[in-house]
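Asks: Next come the chains, spelled out residue by residue.
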Amino acid sequence: MTVGLDRRCSMGDFVAGIADGTHLALAGFAISRNAVAFAHELVRAGRRHLTVTQVIGGLETDLLAAAGAVDTLTYGGGSLDRYGPLHGVNQAALGGSLTLVEYSALALTLRLHAGALGLPFIATRSMLGSDLASAPTDRGEVRAGENPFDGAPCLIMSPLRPDVAVVHVDAADKAGNAAITGPTWSIPETARAARSLAVVAEEIVKVGDIDPSNVDIPAAIVDAVIPAPRGAYPTAVYGHYDYDGAHLQMYVDAGASGPAGLAAYLERWVYGTASFDEYLLRAVA
Amino acid sequence: MTVGLDRRCSMGDFVAGIADGTHLALAGFAISRNAVAFAHELVRAGRRHLTVTQVIGGLETDLLAAAGAVDTLTYGGGSLDRYGPLHGVNQAALGGSLTLVEYSALALTLRLHAGALGLPFIATRSMLGSDLASAPTDRGEVRAGENPFDGAPCLIMSPLRPDVAVVHVDAADKAGNAAITGPTWSIPETARAARSLAVVAEEIVKVGDIDPSNVDIPAAIVDAVIPAPRGAYPTAVYGHYDYDGAHLQMYVDAGASGPAGLAAYLERWVYGTASFDEYLLRAVA
Amino acid sequence: MTPGVTWTRGEMLAVAGSLQVRDGDVTVVGLGLPQVCGFLARRTHAPSVRLLLEIGAFEPDPTESAMGIADPRMWEGSTAFGSLLEVLGVMLHGQRVSLGLLGALEVDQWGSLNTTEIVAEDGTRRRFRGSGGGNDISSSAERTVIIMTHQPRKFASTLAFLTSPGRRVDGRSRPELGLTGEGPTAIVTDRAVIALGASGATLESVHPGEDPDAVVAATPIPLAVPAGGPAETPSPTRFQLDLIRSRLDPKRWYTG
Amino acid sequence: MTPGVTWTRGEMLAVAGSLQVRDGDVTVVGLGLPQVCGFLARRTHAPSVRLLLEIGAFEPDPTESAMGIADPRMWEGSTAFGSLLEVLGVMLHGQRVSLGLLGALEVDQWGSLNTTEIVAEDGTRRRFRGSGGGNDISSSAERTVIIMTHQPRKFASTLAFLTSPGRRVDGRSRPELGLTGEGPTAIVTDRAVIALGASGATLESVHPGEDPDAVVAATPIPLAVPAGGPAETPSPTRFQLDLIRSRLDPKRWYTG
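Residue numbers (the working numbering), protein chains in the order written: chain A, 324 to 608; chain B, 324 to 608; chain C, 51 to 306; chain D, 51 to 306.
Bound-form chain A, shown alone:
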């Protein structure tokens, strides 16, 4: 057994290393596995001008958008499921402070996959004929093309390699080998596409405790291992804890009342707490 490098890092130290303007990739999905502890810390640190890429947006992205930290969001859609829409994202987009670049979920996942695999580009039939193809084409990320083997139309997309990805895992060892149970949606591709990867772990386990056949993210691509028990709260982590529906509803209700409502939420629950642990104590109590 090779022990490997120790990549452990506190959330505070990790966020201190993220500059304004960073291109972040996030991997929560609506009300599950959002990197909420990370989003809180970024907001408290006052990061601005972020570019965020996320296949399906959720609470983490909405918090960042509500705080005015995001200049550009590339996503395949998003919501807080039946609790409501991403008011922070939608208000920033409609207000013009956030540029929203929409894809289909598969098309964006394929761009990340191409980035992960170092492919020069990747082709798809998704988005053909739809209005979704327009903005990415205008931005030069997507081009109309054709299959050289049969002449059929397709879209040719550039690979996407965000600067930093942050994904929430069940368990990780100090070297970074990490495991996820349940559906993994776009987590594997998001983690592998980024130039730098942080895994936020419910639990840090000893090297060797994760069966190598169950490792979903190998240490070789991990740059930071951040312990954060309950770090996805109030979203759910399969096998660990459920979402907190009352808290999510309070957040959506705040957003429904407009930017002032979200600002009040952030003041109380993010800026008004010194740490995520304090937030947890207040929110769960």
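Hints may contain errors.
[As the list claims (entries may be wrong)] Ranges of calculated distance between the beta carbons of each label pair, as one might list FRET restraints:
(1) C:Thr230 <-> A:Ala579: 34 to 42 Å
(2) A:Phe472 <-> B:Asp486: 13 to 21 Å
(3) A:Ala467 <-> C:Gly74: 29 to 37 Å
(4) C:Gly173 <-> A:Gly568: 32 to 40 Å
(5) D:Arg222 <-> A:Ala467: 28 to 36 Å
(6) B:Ala339 <-> D:Arg176: 37 to 45 Å
[Claimed, not checked] List time: in silico DSBU-like cross-link candidates among lysine-lysine, alpha-carbon distance up to 35 Å:
(7) B:Lys497 <-> B:Lys529
(8) B:Lys529 <-> C:Lys301
(9) A:Lys529 <-> D:Lys301
(10) A:Lys529 <-> A:Lys497
(11) B:Lys497 <-> A:Lys497
Simulated from the structure, these hints should not be mistaken for lab results.
Ideal placement from N, C-alpha and C gives every residue a C-beta, glycine not left out.
The hints should help you fit chains B, C and D onto chain A, whose structure is shown.
Replies: The following block gives chains B, C and D in isolation, referenced to the frame of chain A:
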């Protein structure tokens, strides 16, 4: 729990459904996880004119080539590791009865991956500048291209969708949900690329016995579940049994003496046995 | 109608939608009514349908109402977990999905869908969840069925945003656009079943108690009516209603 | 040379090859001597090197001699198992591999390799294992090092088959070919270390006891010799030799 369809099938019935000329995808790797029971049954059934695609060739492919069953082999290389080369493949290729189309291991895996994902085509930098690019280019499977986003040269490859893939798994339920432990090399892409997939399983388990997070091949892509304990013998199945080095060496030595040596091996161990069980009894005794 | 059996509009929609599912279909379902339709079909006439969720859950069989496809309740009973690339890539883009069941904010006469944003008459834009896997399903499933409540504002000749392509877009057919599959074959609402074909939309059946002329008036897209008038959609059975009420939508979020 | 310490040519090759590995390298290793070089480096001067096997094993630490990378003995101690697409795709083609350690049948002066087939003078062809991941490693690793025994027939100005591209092919540079990385930086044999650079091959060092002129005569490719003559490769230490003998190649298959 949805019980799903029952896809169980005997090896004999499965092979009876494979016609001469079928494009088979195999997923063994040198001396590990070869579908040897399947190869024996195909040879005994006298199948001819097969096209075989395999990322790294091993015993299963060599048996088929030695029996004269393969017209075209597309592979990324192969051997029986230190036991020796694929004499059956090499002799048939040098003798002109088998067309060998060589790729790099990654390039061929990417073609299978493109087939699995329904991509119109896939691009790579592998094989650029090498002699490997020539044969696939002549065959129209690969084209010189360039990245439309930066003008860099690349190769554009067509997706590969073999007719039938046969892969050896640790365990499967009757619906086809299957698990593999250890390295998985090109098994995931090979299984998903084929239009029809058979999993050959060391063990058939009850639906629900495989943790859904550990399912490597979901039932939704499986057409046949073939029980075959020790069906990869004399190659190894990680966690189940080791390769039989003496038997492999005997096979390689037979091949080293030329086509007659391989014919004698097949006569004794394949044509001369009524079933794989009989072979196992004789070989392991 | 069976004497003494009554149902809600949502129940009628769920039952009519479920009848679009064929036994053996490999189906990606969206959240809400599409999911209820899929589960109902599996427990009635289509026991071997495969239901997949884009999040990476194969053949779930939930016992509780879920708040969305990201709610772990929704994944209960799954036989395999995988990734979005596995479901929308290998299964769907790889041409292994025969049916997509989709909801919509707006639909046009060719079954193209808007799930992205609505523009009010005063120009105010209201944003919704976007595509998710919806565009992918519309682009690559062998056929799709649209499940929605019947409100005139949801039928539009020009969508505010075309999220997911139907049978034709701007006069171009799916093969011309590069899309595979037949595209949408039906819009099932809580009032009627509208068949979509190569020549457009036809009022195939109206639900029991609905007046065909009223349905046509409430459907502001070009809509053919068969010479003899539309058929009547089969009524829900007690068995279907019991399933919906006791098992598939016990909190009545979708069918109440 | 430490008095009383002796070693085989294979051991010298393993030690000289290991010295090409830098601490922190992310390395894909081929079977045999390349693997011994990688493991030796990790246990000596490069403790944080990451070793990867194309079959899908991350950081193995085997305790028994393995018959190949498909031998489960070779995967022992791995911290993660994955797929070929993960190692050759995400890690290598994704530009995360800094070093490839490769063997060869034939090499040219630019470090291009043949692992596919040899053609004898009478035209007889003899086939070998082909590329496997070798071409991929040569195409995408930041740098590669070639590990081979020193026989004149293995050095060729024109390869019988160019399996894996080196620093130039047919006069074209790697960027012109579309390849990333520097390409091969050294050929390490059991007699010498040959540096490969932008202008070709240079005899960097000969192993203790070797005559530089004899090495040059046994190396039929254009080979520069530094003005002051080549250096002498550092001798193996007792620690290195003990590791090889007791742990890394106990059956002496590669270094015996």
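Asks: Checking against the hints above, which ones are violated?
Replies: Hint 11 is the one this structure does not satisfy, whereas the remaining hints hold.
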